[in-house]
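Peer 1: Top line first, the protein sequences correspond to chains B and L.
Offset between the first sequence (1-based) and this note's numbering: plus 666.
Offset between the second sequence (1-based) and this note's numbering: plus 221.
Everything labelled a hint here was simulated from the structure, so no lab data went into it.
Where a beta carbon is used, it is the ideal one built from N, C-alpha and C, also for glycine.
Watch out, some of these pointers could steer you wrong.
[Stated by the list, open to error] Restraint-style ranges between C-beta atoms, simulated for each label pair:
hint, chain 1, residue 1, chain 2, residue 2, range
1, L, E354, B, G679, 55 to 61 Å
2, L, E444, B, A987, 39 to 45 Å
3, B, M667, L, R405, 42 to 48 Å
Chain by chain, the residues:
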Amino acid sequence: MTLSAICAKACAGGRLSPAEGLDLLAHAELLELGGTANEIRFRKNPEPRVTFHVDTNPNYTNVCNVDCIFCAFYRHPGEEGAYTHSVDTMIVKFRESAANGVTTILLQGGVNPALPFGYYVELVERTLREVPGVTPHFFSTSEILGMARVAHLTVPDVLRRLWDAGLRTIPGGGAEILSDRVKKKISHLKGSSAEWADVMREAHRIGYKTTATMMYGHLETDEDIITHLDLVRALQDEYHGFTAFIPWSFKPGNTPLEKIIPEYATPVRYLKMIALARIYLDNFPHIQASWFSEGKKTGQIALHFGADDFGGTLQEENVHAAARFVNKTSTGECIAMIHDSGFAAAQRNTVYDILRVYEAPSVAA
Amino acid sequence: MHIRDRNLIPVWEKIQRGERLTLDDGLRAYTSGDLIGLGAMAGAVQKDKSGDAVYFVLNQKIEPTNVCVLSCKFCDFAVRKGDPRAYEMSVEEILGKLSPEIREVHITGGMPPDWPWDRYLEILKAVHDRLPEADIKAFTAVEIDFFHKKFRMPVAEVLRQLQSVGLRTMPGGGAEVFSERVRRLLFHQKIGAKAWLDIHRTAHRLGIPTNSTLLYGHIETLEERLTHMIRLRELQDETGGFLTFIPLAFQPGETGIKPANRFTSAADDLRTIALSRLMLDNIPHIKAYWVMLTGEVASVALNFGADDMDGTVGGEKIAHDAGALSPMTMAKETIIRLIRDAGKIPVERDAYYNPLHVYHDRVVGKIPYLNSVPFYARLERRGFRILPVVPRRMGILSALGEIDAGLFSLMDYLRQENDMELMGWCIATRDQVKSVMLFSKGGWRELDGSRIGITDDTATSVQLLNVLLEKKYGVHARFERLHQGVNAYDGLGAVLLIGDEALRRNKHGLKGFDLVYDLAREWYEWQKLPFVFAVWAVRRSVPPAVKEELSGLLKQSLESAGGDFVPLAGTHGRRIGLTDAETQEYLSGFNYSLGEREREAIAVFRRLLPAVASGALASSRDMEAR
């Protein structure tokens, strides 16, 4: 099939095969991908508006025993600079964030074997009780697998107990590239693609909403990216528990992988990832672009390449910062960036309900 | 082509009809929310002009001083004489900044009150002596005007003197935005539109090509931006001297013009790039100047109409003093990576945009003439990238191993037969061609001893002309190379024109040269054979599977025409002034597949070539020496 025939099929709502997806990724030109993705975006989300939420991304510990070579954030137990915050400390932090208008707290940490399961349950319960107005969006799959090990529980049991504590949404981090060939090289202790998928499947079965992520731009091939997209698409067919797909590029600063991959992937590569995700993931309601992960201007452009969400304002962020990648915004600037890109800005909550719409000023130069 | 906004359709139709966009068309496109649609239109025009090529140059920026008599509001670079930040570089300091690989030295800076004229000439001369291979691009129109007033010399004299010590091209800075309203508010001491345009006109007439710029993203209106572009387009119609257009995003810094830290939005940057590609139909290149745009937007802009990434720009200061966020220099490797990732071919160039090196595999050369369009119009790019280049340059690049395949001028193929193999397609005439024409003052035999002007682009046509003159008519003429844009045909007995230029002239005639000969017809009447001007050839070392893939794509592309060439080539034809019927007639006059008769014609031509007897084919250099 010619590339334009594949694009036409996708625009008409057809589902692409892995071979077709790969053909597009390898050969299609940027604006052919972007144009196709943009058409699909407006079919799925017809309003000319872009959602965002006011969130923060703190960490309760940087202690970790998984040793991923793409990570500059973690410390081994007892290593200099290692920290673990008490639940009390975290609650104080969350209250400050809530006072600043935060509605989502995306909380993740290292996989710290010293923390008992009760710590996590307490974090969820007390957040809901003591910090009204925020949604806890806690714990990646790696931490959930870690909890299961520490507590000698099954993953479904861990998820059910957290659900009972009040947790309703889970972030999609820890996926990296869902190809075991790559995972073995960059995170051999982290758990396989199947384990990530199993945690997500169990979560969706219980009723959790989650996101799916992808970190590209390291040792993966185009084929690995298609494998990743294909896996999350198949998983979404089962329970439709994913709200959004969020790709970002690997940031090499201060990581062991920096020696092999000294620079992060280019803006054009990011735009292709956003567009391809919109084209391939026909069952995902939203694709999230970010002002944060690739730079503000690239994030703005991505809103024309299939993304309909601009992510969070990220009042606090430590993981990219550890890799010497720092980027800041405010709610006001976030809205202005969306307006400048030609869209109305809509503040949402964690599960994409619209809270407030900021219409764009009439003339955008 | 994905155009979602219906408002863009009439604009796109106009472009396809080969018509120019008006101010209103520009406004309509600018204000569309369909960024991708706008980019796709600009990208299509870009592809017509530059294929997949994106140019860059290894350049060094030199700002000899920051002392300036002006104080423009938007500038954080200039200081007054005596200011603690003031610096004035000696010739030695300037030479110390030059490294041998530099191909372009860009000199511009403040305008100090007390430098003598000779100091500028010395700087240029010293740089030229140190790096004779590098081209000097120096002094904006604002500085030229300053020299003109301060040293009481006519502008043309200033430029001539600079030219005599090594000036090759001029940068396009100082244009800002052609609006008296904005000028009075922001830079009332600077020259206005008229002086800027006059200085560039003078430079073009002296054979100094220049760049053009627009400073956008401050207080100007969209109408002012578009009017600016239209005025540049008008001057270009007159002189053809602009090489490139560079939209410069305003850097807010401490300049106090705009609320601090409000940089232009990415969407505005990309729209401006796209609009300039669409409006400036007669300027060959559009530059995404990464210093102002940031590398991230510049690399995306390569799909929105821009085909030039500028260069490594060692040590830029003016924009950085105004808070530009980009690094001060960009490594060649980074530029190459950004261009490749954008799906384009990184092409290192000289100051005139001649390709020097191609940093990409599987590059297919394209002759940028109407008769090659049927091969390329529907050539799905897949793994291949396309570099448009005039025939003579394609031969040079291929000999250097810089491109893998292409539609080669026959002579270039014959010279590289050992490395290249034929692919079964060609551009061959049946009896006449209409695009390889000799415009002559007299009959063939009257050309004996006269001078014939030949264009810079051609190899096979010149050899054919030579064979016809010597073997068919038994006359001797001298060939003289003409350069693009130079129309001094005085003293010539005839002029050989090829390609689109010949098609245009064929329609309207060339004044003073009343006899017009179609070289293919001359050949046909003599040999009763077609003439093969160009052949598809591929480097022998290319893996068989790749050769096969390319063959398949070519076949698909050609067959998709099905003999109806207007959908493929109508736009190209209209742009050079042909009606659809004329385009169809012209393109149906060729045979595109390399059959027995074509092979025989190649063999006959080969035997008639002067150097064949001695076993080696004349190189183009030999021809130039004649």
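Peer 1: For each hint, tell me whether it holds in the structure or not.
Peer 2: Verification of the hints:
1. L/E354 / B/G679: 55 to 61 Å: Given range 55 to 61 Å: holds, Cβ gap about 57 Å.
2. L/E444 / B/A987: 39 to 45 Å: holds (44 Å)
3. B/M667 / L/R405: 42 to 48 Å: violated (59 Å)
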